[in-house]
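Enquirer: Line by line, the protein sequences are chains A and R.
Those letters in the first sequence? Residues 1 to 150, by our numbering.
Those letters in the second sequence? Residues 1 to 355, by our numbering.
Keep in mind the hints are simulated off the structure, nothing from the lab.
Mixed in with the good hints, there may be bad ones.
Distance windows between CB atoms, simulated [unchecked claim]:
id, chain 1, residue 1, chain 2, residue 2, range
1, A, A56, R, R225, 30 to 40 Å
2, R, E340, A, H111, 58 to 68 Å
3, R, P341, A, E112, 54 to 64 Å
4, R, R334, A, H111, 43 to 53 Å
5, A, S129, R, R225, 27 to 37 Å
Quick reminder that beta carbons are idealized off the backbone N, C-alpha and C, glycines included.
Each chain is listed here by its residues.
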Amino acid sequence: MSSSATEGPVGQLLAESFTALAREQPALHSRMCTQLAGRRLEVCVGTERFHLAFTADRARVEPVGPEADALLLTGRNVIGDVLDARLSLTHAVLTDALEVMGTLPSLMALHEGLVTYVHGAVRCPSFPSLLSRLRAVCREDVPSAHSTAR
Amino acid sequence: MRREQPHAGLTRELAELLPRLDYFRRSPARLGGRGGHKEWQYFLVNAGPAHLLVNFSLQDDPWALDVRRAEVARLTVLIRSDTWSGGMERFPDSEVHVLPGRIDARFGANTLRFEQGRYLLALSLREHALSAELELVPTMRPLLFTNHPLAPGEHLSWVVVPRLEARGTVTLGGRTHPVDRAPAYHDHNWGHFRWGGDFSWEWAHALPADAAHPWSAVFARMTDRRRTRVRYQSLFLWRSGGAVRTFRDRDIRLLHQGHFLPTRRLTVPPEMALLAPGTACDLPASTELSVDAGGDTFHLRFAAEELAQVITPGECEPCTVSVLNELSGRVVSRGCIGGEPFEWEATGVHELIRD
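Only chain R is shown next, with the shape it has when bound in the complex (with noise of 0.2 Å):
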């Protein structure tokens, strides 16, 4: 495998980037605008032998009393070592201090920054012995999609940063672990749309376990709620540094392998179990995306190993939920593109929403 180091002028190029694309968007609702806004920070660490999960939340809550005052502000942390652990946790409008505009969030006690082309994450849940002090820098360039249509009326936009490095510490359960050179990855989304709207979406990315490995890939499927119509699907590839190929749609074969059958899972909030209990699933052992179009091949294999659930209630019917399955698991892959062949063994994250 290729070693390579991003350059410097990329780091420069990224750390002006960045502040203009991924910044807090925050809900219109605020300022009189159209409610039922969400808004999510999301950054995936492989720390060695823990995967960390990260997630900073601004949603309106469909459901407040005031919709000048919906937005809701909730951090997820998961770590998967041999299984999941971790939660989420809400915090009030005083303990909340996000600024619009710009990479600067904190609640509670947890702070998201970007400062000189890195990002500063500091999180510490109450109810968890879990915490961590990363710095995490871009490595590859970000596509923005902005306004794809989930459902009608409804869409969601996003920023993709697909290889950071991480370095620091994660701390669970009293024992603290470095992190050096980590393989990260990094994404935004906000839009205006409902949980159990006619939608429903895989997403799933791999992390190797090389942060020099110079390729990156990241899919994303979006299907009607029933799953019966696939509405569109995109993978990216990156290398070293930027982006060398989209694939779409046809060009796409995927294929879901056998029935997942968990022995445990990580229920988030623990709550939300009395709503969705036991571990039956719908979820496949493994996934199989082929690729072969234009000279170019691709192919990845993902076989779940252990799940973790965000389970959130429905917004269009009274007695409904909504999962988001955190599937991890091994990820294998190869391929060639413009003529170079690649292939890298991987953690990976396939996130499937079901209700």
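With the rest of the complex left out, here is chain A (with noise of 0.2 Å):
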């Protein structure tokens, strides 16, 4: 299960989706949560910040939190950009669009979690509403000089 929202749009989506995934794809959402057990990620995106916390079996989305583990800090637009392939994932890290901060372990899991979580994102049928409404809110930003195609 996961969590209360934050105030932000992006977290409050991240929460939903974490239901979503939990209801929809339990086997995927228990994995990532294997993966990612123990471990606190504080979030800045834009303006806009909050904390996810990970349990062997729950994903909660925080307000705020104890001091983290690892530290994600882009913008709405960045995200936009990767999740419209315009920019990759990689790319967005090597370039500090997409800033990642915290131990290798940390990372390591943070991205295993990661992929896992798209894995049954793209296996939930809510998951299309839910990146719709994603898009429109990164699409509120002004588009970023990271905005090249990839």
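Two chains, two frames, some hints: make the complex.
Expert: Written out as structure tokens, the structure is:
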């Protein structure tokens, strides 16, 4: 299961997506939670800040939290560019359009958990509408200089 | 090259025949039958400087909560000018009207109909500046293949209309391009199978620049998933309205050469690039297909130029994808069938499944 949302739209959508993932792809939700169990991530998307916390059976989105073991810093426009394949995730990280800071094991676990999350997301009937809403949120920001096709 | 017009009698024959072969089947699961149904109506139009690929797809979502309402409608429209562009859009039930038993579908503002011997396409993507209004008149007799095995318990049926003549307009990025007597191809596939099952296919078709060119060829090869064993392969040749020659299995020699190294690719849908990143791919730079059987010969060379990848979640394993690679490129072909030599140059699409 997931937890309550934050005040920002990205955190709210993420919380909804964790709930949908747990309901519609419980095996992949469980796998993601196992991969991320014990991890805490602080996320900054533009002016929106929230925390992700994982236990072996639960992914939570929280407005605040204790010190995280990894920090992710990016903009909505970057998320939009990655979703629309205008920018690869790798290029986003290498150019600091998406900054991630943490220990190597934390970052490796985050990447592994992200891949599992996406594999689950593309199999959930609820996700197309969540993705449309996320794209709409991302389009609210002015396109960035990182919008170069990759 | 000899120019020939389709006979009026053939046009009438096809106007009566195609609605009886090419109609939408739709999923038996809607009526409580077997799920896992997949179906798509595919068109390829050689619109001069651009190549247009259109796919109206209805596929049962294997992860749907209600199996009777599992069918999902997707429209893929890709256009290749210098590069591939376009995308895939998914439509909610409320925007989908498809008449089973008819060639009549509406996905949002997009329609496919068959009227008076013509396929009528009206396309307008929401997320891309791409639209088209086309009528396609079949000019060659179709072939029907039913229940071809893909993997144990899984099969695919296929109607092929190898040549049509397209008229209308294609609008890309606000610029409208007329389409007049452009060669086109159409097929319709349906069956029960799972992406990621123990099969892989290669399919190729070439559209000559000149719609009046009398020859048309389609190649299909089915292998196991690892592509270590060819289960069957076929090459079909049509001339001036009718199928004239089929080559199968050991008649056909297929040679992949080199390694295609794309500098870019189009990913459809784009979010799947998160699961299949980068441009590395296991695709040949060129493919040669040769036949020499019963006094007939055929040779085709396809050179890959641009890559679009349609990526779908694997349905057999939880963290896998299946990639349909749409390679566009140049085709040079020559042959001699029944004592009649021919040659053509064309634009072609070579579709290969890879993990």
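Enquirer: Check each numbered hint against the structure and report the violated ones by number, ascending.
Expert: Failing hints: none at all.
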